Amino acid sequence: MVKLMGLETENKEIETNLREVARGLLKDKKVDVIIGYKKGTLPLLSQPIIIDKEEDVDKLIWNNMCYVNLAKYLVPRVPKFVDSERGNLKVGVVSKGCVGRALIHLASENKINLDEIKIIGIPCNGVVNKQRIEMEIGEKEILEVSVSGNKVIVKGKDFEKEFHYDEYMNELCKGCKIRKPPIVSKAPDLCVGECEEYAKIVDEFTDIEEFDSKTAEEKWENITEALSVCTRCYACREACPMCYCNLCFVDQNKPVWFGKTTDLPDIIVYHLIRAMHMAGRCVACGTCSLVCPMGIDLNIINRKLEKIVKERFDFTSGLDPDILPPMVDFKMEDAQEFMLEED
Amino acid sequence: MTEKILVKKDVEKFYDELQKDFKFYAPIKVKGNIHYQKVSKFEEIETDFLNSKVPPKDVLFPQKETIFEYKYEGKDVIIEERKDLEDNILIFGVRPCDAYSFKLLEDFFASGDFQDDVFLKKRENTTIIGLGCNTPRQSCF
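Protein sequences appear in the order of chains Z and B. For the first sequence, the residue numbers in my numbering are 1 to 343. For the second sequence, the residue numbers in my numbering are 1001 to 1141.
Hints in this document: simulated from the structure, not taken from any laboratory. None of these values were measured; they are calculated from a predicted model. Cβ atoms here follow ideal geometry from the backbone N, Cα and C, with glycine treated the same way. Some hints here could point you the wrong way.
Here are the simulated lysine-lysine pairs, DSS-like style, with alpha carbons at most 25 Å apart [what the hints assert, rightly or not]: (1) B/Lys-1053 - B/Lys-1071; (2) B/Lys-1064 - Z/Lys-260; (3) B/Lys-1038 - Z/Lys-155; (4) Z/Lys-260 - B/Lys-1038.
Derived contacts from chain B toward chain Z, CB cut-off under 8 Å, selection only [as the list claims (entries may be wrong)]: (5) Val-1030; (6) Gly-1032; (7) Thr-1047; (8) Asp-1048; (9) Phe-1049; (10) Lys-1053; (11) Gln-1063; (12) Ile-1067; (13) Lys-1071; (14) Lys-1075; (15) Thr-1135; (16) Ser-1139.
Okay, the calculated beta carbon distance ranges per label pair [what the hints assert, rightly or not]: (17) Z/Glu-197 - B/Lys-1053: 30 to 38 Å; (18) B/Met-1001 - Z/Lys-38: 43 to 51 Å; (19) B/Glu-1012 - Z/Phe-159: 37 to 45 Å; (20) Z/Arg-86 - B/Asp-1048: 50 to 58 Å.
Could you build all of it, start to finish, from the sequences and the hints given here?
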């Protein structure tokens, strides 16, 4: 990937345009509040921010550390944006492509009313692979992170290290085909800022090519090895916009369906079943992997399922709020070779 | 209370002696992260780290633990208590913040009408060797 501008310049441009759009929306009262990102408390981090005044627009930032999928803040589990006088507030969401997709997908599941939101599209240039950078720096405190040209520069008390952004980008961002939120034809005013019409998404799934070429035994080895350090903190679940169940399957205890311990079988069952629940719904934002404190690469499992869904149902999540996701729909032409034998 | 100073180069000998009588837990590197686990070789022990991902309280208060076992013999219930609560445990290289956490746990499990023996007996038989902080993080307290 060739970058024509340096990262810093690109981010600044995106940030400036974003603030302009945000300012306009609040000024014209097209939205009541805007959810975006602000500077984090530690280097390599960002934080979500909710603003409702024009003068706070300059707190909105865009950089390659805006990991969190903001669509999460609109799911039913999160307290609604409601005002005693005005009722349901209209919410503007700063959306990179995957955030926009998540919002549209949640609308297809009737969890969001598209009339109550505005998707503030930005042309995302990816996020850094925070876990990988932290692993490489090791047991030294990171004090400062900056981007320059095509590099991420990480500084500490006695060290300075450069990482090539193209290589140390989040794996999912490297092959991302949907960098701006999709335009929804039936709701032309939904998306403001930078959005795009997607006719057909062609995804070669090159990021899981290596994994896919392994045998079933090797794949199992790989996945269970990677998952073995899971501490069941559920950060992955909490960060995922598609995990909005009031009572998660794994928390249920009348009866106890699945174990909650850190024994490997319990860990595997949790992650594989959550992945199954994501089939046809995951928008590959990578937030689950980025928030994992143990640095587990959860993307591989979800991307593999995304590939299977694409092959079997020719479906990409989060493009059209009127198309039902495959796992809640049925078509006569669906292949059933796993259940029925051909005569 | 007596104070003695041990030279760094003799810590390995110290370990060799102690691990004969204690279940020796220390910070080791597992898949790029620091964990407090039982060590079998002195070389495994890490002392140059910020802090572990899972705190050392995990040694005495793990996420999953057998409290006791039981079985039926006819109509009788036979209870088998834990047999390892009297084992000597040593946790090496604990940061001051984590060391204080053990005090908080003791206060909690010893308070009220019921004493949590599973934790308290283990704590009684546990020695904690601390590790001072020359370069705490910005977020440390």
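Against the structure, the hints come out as follows:
1. For the proposed pair B/Lys-1053 and B/Lys-1071, the alpha carbon gap of about 37 Å is over 25 Å, so the pair is violated.
2. Between B/Lys-1064 and Z/Lys-260 the CA atoms are separated by roughly 9 Å; this keeps the pair inside 25 Å, and the hint holds.
3. Of the pairs offered as hints, the one joining B/Lys-1038 and Z/Lys-155 is violated, with about 34 Å between alpha carbons and a cut-off of 25 Å exceeded.
4. For the given pair, Z/Lys-260 sits about 24 Å from B/Lys-1038 by alpha-carbon distance, which is consistent with the 25 Å threshold.
5. The restraint placing B/Val-1030 at the interface with chain Z holds, with a minimum CB-CB distance near 7 Å, inside the 8 Å limit.
6. Because the smallest distance between the Cβ of B/Gly-1032 and any Cβ of chain Z comes to about 5 Å, under 8 Å, the interface hint for this residue holds.
7. For B/Thr-1047, the interface hint is violated, since its Cβ never comes within 8 Å of a Cβ in chain Z; the closest pair sits about 10 Å apart.
8. The beta carbon of B/Asp-1048 comes within 6 Å of a beta carbon in chain Z, closer than 8 Å, and the hint placing it at the interface holds.
9. For B/Phe-1049, the interface hint holds, the least distance from its beta-carbon to any beta-carbon of chain Z being 4 Å, beneath 8 Å.
10. Evaluation of the B/Lys-1053 hint against chain Z yields a held restraint, the C-beta minimum of about 6 Å falling below 8 Å.
11. Satisfaction of the interface hint for B/Gln-1063 is found here, the shortest Cβ-Cβ separation to chain Z being roughly 5 Å, below the 8 Å cut-off.
12. Residue-level restraint check for B/Ile-1067 is violated (minimum Cβ-Cβ distance to chain Z is 14 Å; threshold 8 Å).
13. Using the Cβ-Cβ criterion of 8 Å, the hint placing B/Lys-1071 at the interface with chain Z is not satisfied: the shortest such distance is roughly 21 Å.
14. Taking 8 Å as the C-beta cut-off, the interface hint given for B/Lys-1075 is violated, the closest approach to chain Z being about 26 Å.
15. The restraint placing B/Thr-1135 at the interface with chain Z holds, with a minimum CB-CB distance near 7 Å, inside the 8 Å limit.
16. Here the hint on B/Ser-1139 is kept, as its CB sits about 7 Å from the closest CB of chain Z, short of 8 Å.
17. Our hint of 30 to 38 Å for Z/Glu-197 and B/Lys-1053 is violated, since their Cβ atoms are close to 44 Å apart.
18. Between B/Met-1001 and Z/Lys-38 the Cβ separation comes to about 50 Å, which falls inside the hinted range of 43 to 51 Å.
19. A beta carbon spacing of about 29 Å between B/Glu-1012 and Z/Phe-159 contradicts the range 37 to 45 Å that was offered as a hint.
20. Checked against the hint of 50 to 58 Å, the pair Z/Arg-86 and B/Asp-1048 passes, with Cβ atoms roughly 56 Å apart.
This entry does not satisfy hints 1, 3, 7, 12, 13, 14, 17, 19, going by the numbered hints stated previously.
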